[in-house]
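Take the numbering used here: the last position of the sequence shown gets the number 72, and nothing is skipped along the way.
Incorrect hints may appear among the rest.
Straight-line C-alpha distance at most 16 Å; calculated EDC-like pairs for lysine to aspartate or glutamate [said to hold, decoys possible]:
#, residue 1, residue 2
1, 43, 67
2, 43, 56
3, 42, 16
So the derived label-pair ranges between C-beta atoms look like this [as the list claims (entries may be wrong)]:
#, residue 1, residue 2, range
4, 26, 69, 18 to 24 Å
5, 29, 66, 31 to 37 Å
6, 28, 66, 33 to 39 Å
7, 27, 62, 23 to 29 Å
8, 36, 9, 16 to 22 Å
9, 15, 71, 18 to 24 Å
10, 27, 49, 16 to 22 Å
For the record, the hints were derived by calculation from the structure and aren't laboratory data. Glycine included, every Cβ here is placed at the ideal spot set by N, Cα and C.
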Amino acid sequence: MKCYSNNLIFCCNESNDLYNVLKNCGYSFERSSDLMSLVKKAEDSAGILILADDYPIQTVVINQDVLNLA
3 MKCYSNNLIF
13 CCNESNDLYN
23 VLKNCGYSFE
33 RSSDLMSLVK
43 KAEDSAGILI
53 LADDYPIQTV
63 VINQDVLNLA
């Protein structure tokens, strides 16, 4: 599968519904569940989709260190 965009990165579990819909449609995006590592290696023009895998049971908490780095 060819990577669709280097400027759009998914932060979610591999089983995330949205990520899998796009994957099943033939799109490929970089994905990791480690937000800090994604922020560290993302290009300045990249967008990181931070998806809550267990929403609404659990939301995403973003560490202040991640926000400072971003």
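Consistency of the hints with the structure:
At most 16 Å may separate the alpha-carbon atoms for a hinted pair to count; residue 43 and residue 67 meet this at roughly 15 Å. Between residue 43 and residue 56 the alpha-carbon distance is near 25 Å, which puts this suggested pair outside the 16 Å criterion. Between residue 42 and residue 16, the direct Cα distance comes to roughly 20 Å. Violation of the 16 Å bound is thereby established for this hinted pair. In this structure the hint that residue 26 and residue 69 lie 18 to 24 Å apart at CB is violated, the actual value being about 32 Å.
About 32 Å separates the C-beta atoms of residue 29 and residue 66, a value consistent with the hinted range of 31 to 37 Å. In this structure the supplied range 33 to 39 Å holds for residue 28 paired with residue 66, their Cβ-Cβ distance being about 37 Å. Under the hint 23 to 29 Å, the C-beta atoms of residue 27 and residue 62, about 24 Å apart, fit the expected range. One distance hint, 16 to 22 Å for the beta-carbon pair residue 36 and residue 9, holds here, with the actual separation near 19 Å.
Residue 15 and residue 71 have their C-beta atoms about 22 Å apart, which keeps the hinted 18 to 24 Å range intact. At roughly 19 Å, the beta-carbon separation of residue 27 and residue 49 lies within the given 16 to 22 Å, and the hint holds.
In this structure, the earlier hints numbered 2, 3 and 4 are contradicted, and the remaining ones agree with it.
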